[in-house]
Every structure is written in structure tokens, then in C-alpha cells.
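What follows is the residue order along each chain.
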Amino acid sequence: KNQVEQSPQSLIILEGKNCTLQCNYTVSPFSNLRWYKQDTGRGPVSLTIMTFSENTKSNGRYTATLDADTKQSSLHITASQLSDSASYICVVSANTGFQKLVFGTGTRLLVSP
Amino acid sequence: GAVVSQHPSWVICKSGTSVKIECRSLDFQATTMFWYRQFPKQSLMLMATSNEGSKATYEQGVEKDKFLINHASLTLSTLTVTSAHPEDSSFYICSARARTASKPLGNQPQHFGDGTRLSIL
Numbered sequence: 001k002n003q004v005e006q007s008p009q010s011l012i013i014l015e016g017k018n019c020t021l022q023c024n025y026t027v028s029p030f031s032n033l034r035w036y037k038q039d040t041g042r043g044p045v046s047l048t049i050m051t052f053s054e055n056t057k058s059n060g061r062y063t064a065t066l067d068a069d070t071k072q073s074s075l076h077i078t079a080s081q082l083s084d085s086a087s088y089i090c091v092v093s094a095n096t097g098f099q100k101l102v103f104g105t106g107t108r109l110l111v112s113p
Numbered sequence: 001g002a003v004v005s006q007h008p009s010w011v012i013c014k015s016g017t018s019v020k021i022e023c024r025s026l027d028f029q030a031t032t033m034f035w036y037r038q039f040p041k042q043s044l045m046l047m048a049t050s051n052e053g054s055k056a057t058y059e060q061g062v063e064k065d066k067f068l069i070n071h072a073s074l075t076l077s078t079l080t081v082t083s084a085h086p087e088d089s090s091f092y093i094c095s096a097r098a099r100t101a102s103k104p105l106g107n108q109p110q111h112f113g114d115g116t117r118l119s120i121l
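If you read the protein sequences in the order shown, they are chains A and B. Residue 31 in the numbering used here sits at position 31 of the first sequence, and the numbers go up by one each step. Residue 99 in the numbering used here sits at position 99 of the second sequence, and the numbers go up by one each step.
No wet-lab data here; the hints were simulated from the structure. One or more hints might be untrue.
[To be verified] Mimicking DSSO-like on lysine-lysine, the simulated pairs with C-alpha atoms at most 30 angstroms apart in a straight line are:
#1 A:K17 with B:K41
#2 B:K14 with A:K1
#3 A:K100 with A:K17
#4 A:K100 with B:K14
#5 A:K1 with B:K20
#6 B:K41 with B:K66
#7 A:K100 with B:K55
[Claimed, not checked] Here chain B is said to cover these stretches of chain A; the calculated rule only asks that three of the stretch's residues, wherever they fall, bring their Cβ under 8 angstroms from a Cβ of chain B:
#8 45-53
#9 58-66
[Unchecked claim] What follows is a set of in silico ranges between Cβ atoms, one per label pair, in the way DEER data are often shown:
#10 A:G41 with B:D27: 33 to 43 angstroms
#11 A:S53 with B:L26: 44 to 54 angstroms
#12 A:L110 with B:V3: 21 to 31 angstroms
#13 A:V45 with B:H7: 13 to 23 angstroms
#14 B:K64 with A:G60: 22 to 32 angstroms
#15 A:S10 with B:L68: 20 to 30 angstroms
#16 B:E87 with A:T40: 17 to 27 angstroms
For each residue, glycine too, the CB sits at the ideal point set by N, CA and C.
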């Protein structure tokens, strides 16, 4: 069964600190892995997309890593800001048919002043 | 960047009413649009996939007659919740996949609307 699991479920950090979110997946055949940021009451916004051959990708203060062998990914946030408070969703695309996205349940991040 | 506009953003209506939600890709052509449903503190659940000019493909457990999807053009898809009841109350989100010739289908970005919060009384 295609699944994406994320940890931790929720996280509170102080403004200015770094944090790392984890994602494990069992989606097969694998096409790509995406990280999205979803603010409360809004739609998800894409942060990064990584294919099988990519180990790391950065978008500003966000850096995603991918280990396709162990089927793990991480999202590292540097020098957190209050506006980083959101849910971060790991999404894996299965290389079948419509290329459906399999969504993780997300990590709810709260950056505290 | 690519923008997906979803309207309305918030709907409150009486039980038995039908509600139409629009999803538009504003600055790109979307051959495929997706409709999701999200319950509080849960992740997005795919309801259906629609390709322009053809019938939508519904996920298992999603009633076709309950959730009518129309994808009449490359920039517009609509979801109609027919005879809505309180259990249909949820956050509905659409997304659109751009047609980009330079990338394989699976690696193409999927852009999300800001969602529609539907509350049925």
C-alpha cells in the first residue's frame, strides 16, 4: 500500500532556531517527492520537487533531502521566522496513470517569538 | 508564478442545497485538474481527477452523483455538491497541473487553489 508518514506530528520552536522534519514513504513506483507548506485555511504551496536522481534541493531557507534507497526525505528550515508557522506536507508522486499524489498527514510547525 | 483561483472561499448553506465551486487556472493551461477534500488536522484526500473535455475519474468511495465535476475548458473546472448535507461540510481544494512540454508528466508542478470551506447547516 502506498503510504507517506511524517514525523514529528507537531513541533514548537523558538524564532531564529533551525528544525528538521522527516518523511518516510512506501510509494512505488516512485516518480518524485514534493514538500508543500500549507497555512491554516489556505491551499498548499510548493516548496520543492525532487526526482529520483536528486539528493538535495533548496528554496531559500528551506532545504529538502532525498534518500531514494532508504525512501526517506527531510525538510530543514534554517533561521525560522514566525511566518514559517504552518503545516508542512510531504507528498510522493507515484509513476502510474494520472501520476497521483500520495499525501502525508503533515507536520504542524509553530514558531514562537 | 502559476496561480489557481478557487471561488467561493467560504460557503454556508442549508441542508439540501446544491453548491458549485469553481477552480480556474489564471495564467496557464491545465489539462488535468484534481479535487481534494480535507478534514480538520488531516491531510488532503483525492476525490477525483478530471481531464479537459472528458469525464472525471472518481476515487473509490466518492459518489459520482453527489459530487459532479465538469472540466469544460483548459482553465476551468467546477465541483458541484448536490443536495448537500451536514456530513459534506469540509474544506474542498482544487489543484491544476500545467501542461509543460519540457517535463515528464509526473514531474510537472501541481498548483493548488486556496480552498473552499463548505458548512452545511
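We went through each hint and held it up to the structure:
1. A:K17 with B:K41: Since the Cα atoms of K17 (chain A) and K41 (chain B) sit roughly 25 angstroms apart, the hinted pair holds (cutoff 30 angstroms).
2. B:K14 with A:K1: 38 angstroms, violated
3. A:K100 with A:K17: 35 angstroms, violated
4. A:K100 with B:K14: 34 angstroms, violated
5. A:K1 with B:K20: 33 angstroms, violated
6. B:K41 with B:K66: 24 angstroms, holds
7. A:K100 with B:K55: Since the Cα atoms of K100 (chain A) and K55 (chain B) sit roughly 17 angstroms apart, the hinted pair holds (cutoff 30 angstroms).
8. 45-53: Held - the region 45-53 of chain A has 4 residues with a Cβ nearer than 8 angstroms to chain B, which meets the minimum of three.
9. 58-66: This one is violated; 0 residues, fewer than the three required, reach chain B with a Cβ under 8 angstroms.
10. A:G41 with B:D27: 33 to 43 angstroms: 23 angstroms, violated
11. A:S53 with B:L26: 44 to 54 angstroms: Taking Cβ atoms as reference, S53 (chain A) and L26 (chain B) lie about 32 angstroms apart, which means the hint is violated.
12. A:L110 with B:V3: 21 to 31 angstroms: For L110 (chain A) and V3 (chain B) the Cβ distance comes to about 28 angstroms; the hint holds.
13. A:V45 with B:H7: 13 to 23 angstroms: 18 angstroms, holds
14. B:K64 with A:G60: 22 to 32 angstroms: Roughly 42 angstroms apart at Cβ, these two residues miss the hinted range, so it is violated.
15. A:S10 with B:L68: 20 to 30 angstroms: The hinted range 20 to 30 angstroms is violated for S10 (chain A) and L68 (chain B), with Cβ atoms some 36 angstroms apart.
16. B:E87 with A:T40: 17 to 27 angstroms: This hint holds: roughly 23 angstroms between Cβ atoms.
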